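Peer 1: Given next are the chains, with one letter for each unit.
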Amino acid sequence: MGATALTASARPAVKPIAVLRSVASTWRRLPLKAKVGIVILVVFIVLAIFGPALAPYNASAVTSQATPEPPTIHHLFGTDNSGGDVLSEMLVGIRSTVEVGLFTGVIATVLSVLVGTAAGYLGGFADEGLSLFSNVVLVLPALPLLIVILAYEPHASAFATIVALSAVGWPWGARVIRAQTLSLRNRDFVLAAREVGEPAWRIIAFELIPNQIGLIAASFVGTFLYAILTSVALAFLGLTNLSDWSLGVILYWAQSGSAVELGAWWWYVFPGMAVAILGMSLVLINFGLDELSNPRLRASASLLRVGRRSWRPTDPTPVVREAPVEAEP
Amino acid sequence: MSTASEPQQTAPVGTPDRLSTGPAGPVLDIRGLDIAYRSELGDVRAVRGVDLALSPGKVIGLCGESGCGKSTLAYGAVRLLRPPAVVTGGSVVYRGQRLAERHPDGFDVLAASDRDLKELRWREVAIVFQSAMNSLNPVLRVEDQIMDGIRAHMRMGNEQVHDRARQLIEMVGIKPERLRAYPHELSGGMRQRVMIAMALSVDPEVVIMDEPTTGLDVIVQKEILREVLDLKVALGFAVLFITHDLSLLLEVADEVVVMYAGQVVETAPTSEVRSGGAHPYTRGLLGSFPRLRGPRVQLTGIPGSPPDLRSTAAGCPFQPRCAFATDACLAIDMALAPVPDGTPGHLSACPFVAPGQPLPAGAVAIGRPAGIEAAGAGEQSELVLAGVDLHKTYGGGRRGAVSAVKGVTLELRRGRVVALVGESGSGKSTIAKLLSGQERRTSGQILLDGKEIEPSRRGQFRRYKSEVQMVFQDPFASLNPLHTVRYHLQRALAVHSARTGRKPTVAEIERLLDQVKLNPVEKFRDAYPHELSGGQRQRVSIARALAAEPRVLLADEPVSMLDVSIRLEILDLIAELRSRFQLAILYITHDIASARYFADEILVMNRGEVVERGPAEQLVQNPTHPYTQLLIASSPDPDTFASELPGQAAVIASDGLEKEVASE
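Chains as they are written, first to last, in the working numbering: chain A, -11 to 317; chain B, 236 to 899.
Chain B extracted, bound-state conformation (with noise of 0.2 Å):
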């Protein structure tokens, strides 16, 4: 191993026998820590003291919702955060073996120097950033970026600096010769991979990872978390690994943390999660996740939103959304307490639920598949919408054309769902804008109820648009921050009046957010977008979309952006109003599992491509095109641990990536 004392010494990538002789127990020992962001209303208590010890060659998954402080309590352990946060409390203890003989007691990161803080930081504990992979220089070779930051902690020459950066790309899975590389030449995967690669540079013995894979698709996510792994094997670093997928802790780490509003509610062995957790909370996350294999069951789903971190109410913070609230969840201190009958190491906050203790009968199953009894039923129902044979090129010239659409052919049926499933790049989304008539195809053809329609073209597109509308991706971009909820149905509504034969009243506004369930209405009627969570601004959404009074919904990973417990209830909503509406649907999503759940019909599609299609149940169950198999086979699923390639799939997995290197 190479310490700055050892200049000479061409460093060998990291030295397995830490594990051996490393200091017993936790290289870094996080205890009651508090993190508060201040602000003229009060502060903002987002970490409110939690423990957490981080051991050598474990994986720690730390999970929970957006504003669960999570990455707030990561980057705080590391004092990288910017005022107005504050670390009100608690202790940070790093011991690492290059800084034993200097801090025989371990080395207190809070009452640390500036200075000292520079030494630890990348050299000792190493972050991989959220998005990490755009944050490289992009005006940089790729070689260039890992040397600096190998130069500014090592004292190495010129020769060794270089053959440690090939050293690194390859452990990575990169071959050298792509070091020459600027950033956009490499894929996003690849890019990723150099990101941990730059920060295994230096050897550090703790590796924060903060949403490493979010962002990618399936198929490359679980190739890095494997190298991931087999890295962490190899060079025996602690990681913390944080996500807001708990599917996809249950398939890397050793120990699951899960955090709420600031607070840990339940530490457990990766096996006890598997096996349903023991805290409400954490056992509505794995309810909120739909399945892959195993039969289509009920999901139960958390109802309610988060808390306002501002509130000093005593007991605890989940008992609102809880479905075994009893007035005495009020009273609790939220201390970790050890689970009756729980393996060594399991820790629970909520002192009432005991693991598999079945949920109370008053509780509100939300997350009913709907529509998924009549499954079958329908599929002779009227054809509304087709697309055949549909082709999109996008530039040609000198650069050369770009298919995103190869001849892609489908159907939408009243009252069914279509899902569209595919990775980013595939050609999904691209789809979705020819049908909705936001791009013209290169060719093929556009029916309506039977009849050729060109919905780009000017006279038509406002009659098309009362057909057919879309909901959007992103609830946080879809609505015009100046404008109230209000405005955005009463122009939806007064656009299509004439058709609807519905004026833009106030109490048609009501009506319209009434049916999205945003109640009591007059609270949601005069709101801005701003005042409303991500969930509540997707209703608007799809209210705005219902003010048409459309026979078919293009819905664009409605679901994407939004938490995992608020995912179910849109799901369902959309599903609804399904039924309701007898609307054609046709769903764009990249999670397979999520499509199993809601959809009639899946249709796959890989490089502009449809490469199955199927009944949903029946090509979940049974995929046949070896695409299709990869796909399941990579998608996280809290139900199957260790799930393997089958070998068929895992050649296409890297010629798939040779092709991307080389057509970029």
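Isolated chain A, as found in the complex (with noise of 0.2 Å):
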């Protein structure tokens, strides 16, 4: 229900110009934390993109440096045990990260809603093996079996990061997004589709999908935030390419080098801080996808002050004597 009454209002445009105008005004309407989340997440996908150009230094260079420098105006963020600058350092590191939650966010959702829909609309037999399969995926230990598949390869790319990650990762969205297509499969517009003779894959692309975008959007950040978070930590354990950088990588190098022991707090509480804040952008988009989704979290604050205070749900009806605003003409 509130995925429809979501994506009921935003209409599928088609001119450049169209789209641009609903883009805006979908923005207006956004609730403040979704603005905000929005706002941060962008910041990281252009660090992402133009972080290793903007590095002031050579993230990898090492000099004979032995113990950690605290910031100073040369190094806003430290350096490290070998004299690697903090911030460089994470400004290259920032886009392993990015990219390894942006894939596996994109591998799983795509699995969870071919897997849900299919298992919802198809019933019988069909949803049987695929709930089976994703209720076997779902009750997998899944960082345990992550440290088992990624310890197999010492070195592993982020490649090898994101497929593991995708594999375990779809089948919450999956369970979800085949309740919600369960309800809508009989919903009068998918019965009326099946009515004209409509073939399965054009009802589950054009009717199903379509209808669940809030909560297909909902799933990706999800998952989005959950690959970002278990790739942190994986790398942190040190299962992942250590000579490439990333958060967790940082976050492994300040944990071997004893950062803690030598209160060299700019070694982890940096790449920390980004990890949290990145994580926090996530969760306030979903927070906001909530409230667009469901009306009732946004009642229209104006609307709903009476004289100097605002209305709560208890009072009664407000008794305001005055002439009636007209409509514009």
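FYI, nobody ran anything at the bench for these hints, they're computed from the structure. Nothing here was measured: the structure is a model prediction, and the numbers come from that model. No false leads were slipped in.
Restraint-style ranges between C-beta atoms, simulated for each label pair:
(1) A12/A <-> Q592/B: 54 to 62 Å
(2) A221/A <-> H626/B: 58 to 66 Å
(3) S10/A <-> S510/B: 54 to 62 Å
(4) A188/A <-> N372/B: 37 to 45 Å
(5) A188/A <-> N393/B: 53 to 61 Å
(6) R300/A <-> S366/B: 23 to 31 Å
The beta carbon of each residue, even a glycine, is placed where N, CA and C say it ideally should be.
Take each chain as given, in its own frame, and dock them per the hints.
Peer 2: What follows is the structure, encoded as structure tokens:
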């Protein structure tokens, strides 16, 4: 229901100007939380694209220095114990972290949409089989499994991480989308499309999936977050190619370089904050999507204001003895 | 009578002497009430200067189409609406006996504090909400829910609350043993009775009923209405009965108030409305109901659709749809005035039209019972689709199987309308699903042109769909909110273009829209469903079904979700298409009067079986099966007020209720 309310107002547009206009009008209607989240996420994506070019130092450069240096005007985020500039390492590393999150998010969401809608719409044996499969994947203990898989190849590339994370990350979304499909399947407009004689794939692609855009977006954002946090955790444990920079790899070197014991807080606080802020932006977007699709959460504040204070749900209907505001001609 | 100050008294349910000792005049007096919904585009003035007075022991019926402000008025009067709704003017005064001492001049509802209102609501003014039967808490026993309400408002011992609950449930005609039941163990009618019992639990002086029987079958509806009237006589409360169904009001109300576009257009004693009413809108509403008795008459209906409530145009809001409209209508101020030569208390907002004034000659009478003249002539027309001895059983296994359809045979012939009439659960919609191929029958045959066909089989489905199309009940659900009208029709044309030879072009789409009278086509072609009214959406649904150029149309309650004044237009459209394309139509409905109006043959279904079948007119005039008799007797009909059940049928009714209980 919520997903429908969200998408019913977003019209598909064809002309580029119309697209721009609809993007602008959608942006205006977004809740503040979503706006903040999107802005932060866009900053991270820009850093992911241009970060390596912006980095003031060569992130992998090694000097003879043996102790980490605190932040100075030359090294804004300080240096690590081999003289590497933490800011440069982060600017290079954000790309890999965002990459893993984004690709895992896309692949796992596509998988979950395919499995979820197919299971929900087709029903019967297809549903039984697909549901069983996703339940089996769902109950696998993900982190130990990932550790086992990635430990098999000690210097696993980002590609391996993406594949492994996608393989265990889709069933949650698939279950949610299957449930939504089950309820949409018996809606009259889906039955009506069958009545017209539409083939199953068209019903799935043009009737069911567009009506779940809100849910799919939420599922994507959730998977994105899961992939970022898990990939950072795996890198922290050293289960990735440690010669490629990512936020998790910086934390791994901080840990193995005894940053805490040395009091080199800049070495782990800045990359840690970056992970937290990126994660927060995704959480904010998710809340924002929820608010957008659930109109009860965003009653216009000005309309709820009676006199000087705002109206509470337990209050009686306000009595305002004034002439009604006329509609604009 | 028990009040908070007499906690020890076991309350007898109500006191009839309230009628004699109560304060003279109305118990709830609404004057000039204005309610608006604030929006960024200006206020929607949903209720405009409405006067309404409820007197003890009287039923005031409030009626109008959806969006006319009837529910807003009722909830606004007890200040239950939430912003953006605001009361912008008028007064509401409650003059109940219990509050008479503390509020000698009456209780001013609009000036009351939150605290005082808590005392007023439920204790003094109780509400039976719309679809109340679904508002019981599913995890609590009925008993606990009734007792909670009593405890919240009366100081009573546990024993007394218990007794009171038993008393109440017996009062509404349910055996006290059923108190231990959970809501899902009761039928819809029983749940509604429980809600009424809860509303009466603390002995209110005013009961507001918002569509209390909508969604119930006519037989149960009739029983509940009789119950309410009996209780009203016994307890002497005032009732505000809100419904969209004017014919229902004619059976229960003492006085009828008709609203249109937020304003009262007519207030009249029920007998005056029964004899035709004065305001053109009331007359239009009366003319929109197909009758069960008397000759099959031409219905007048009401063309067009209700106005935008944001408009501030002066004059009569009904003017654009009115058959009597003149330029003078644009200048009147919609004040209620006594009808000339009318009974006292008969007020109308139309100063121009007198009761009984004939429709002007120029008025377009819509609602020609199309094809009725030809009835009988089509007897020999060719057979298109037949269902022979259809059975459908759901479930099976440990929880037992449910037979929804037990051996139904029906024949659909070219250019003929067969109506399938029955209550909810009778299996009529299951038959539509079997015939449309949405579900597979358990046994029996479906014959298309005399050849057996398995519609739900993959290879045959699309070919079958090009012959047999369906129109759904709910026009708000049957169009995908994300696609335009153009997309819906384009797809239907494209899927069947190989057989019909029609390409999904704009010209074809416009031709379809023109067929269902959505003019100008340019306006509707690119519209999204949410931009259309219910009637317009249903026309799009019909156009989509026609795109396949079918020979059979299955219409499952095609008008039951629409406003009364729109229904007739849609039925007429289907009737016209029937004559034009010689469609074989299966019309599924719960409303036997509309079946009589629209169909050539009627099949009455009960519990999965056809209990009676015959030519429409003959079946309605001379029903032979007791169930059909009961159905006809229970249907609200403006022409017969005090229609009583035949004795034989009443036995079936109570027997049916028992079975209903036993099966659950």
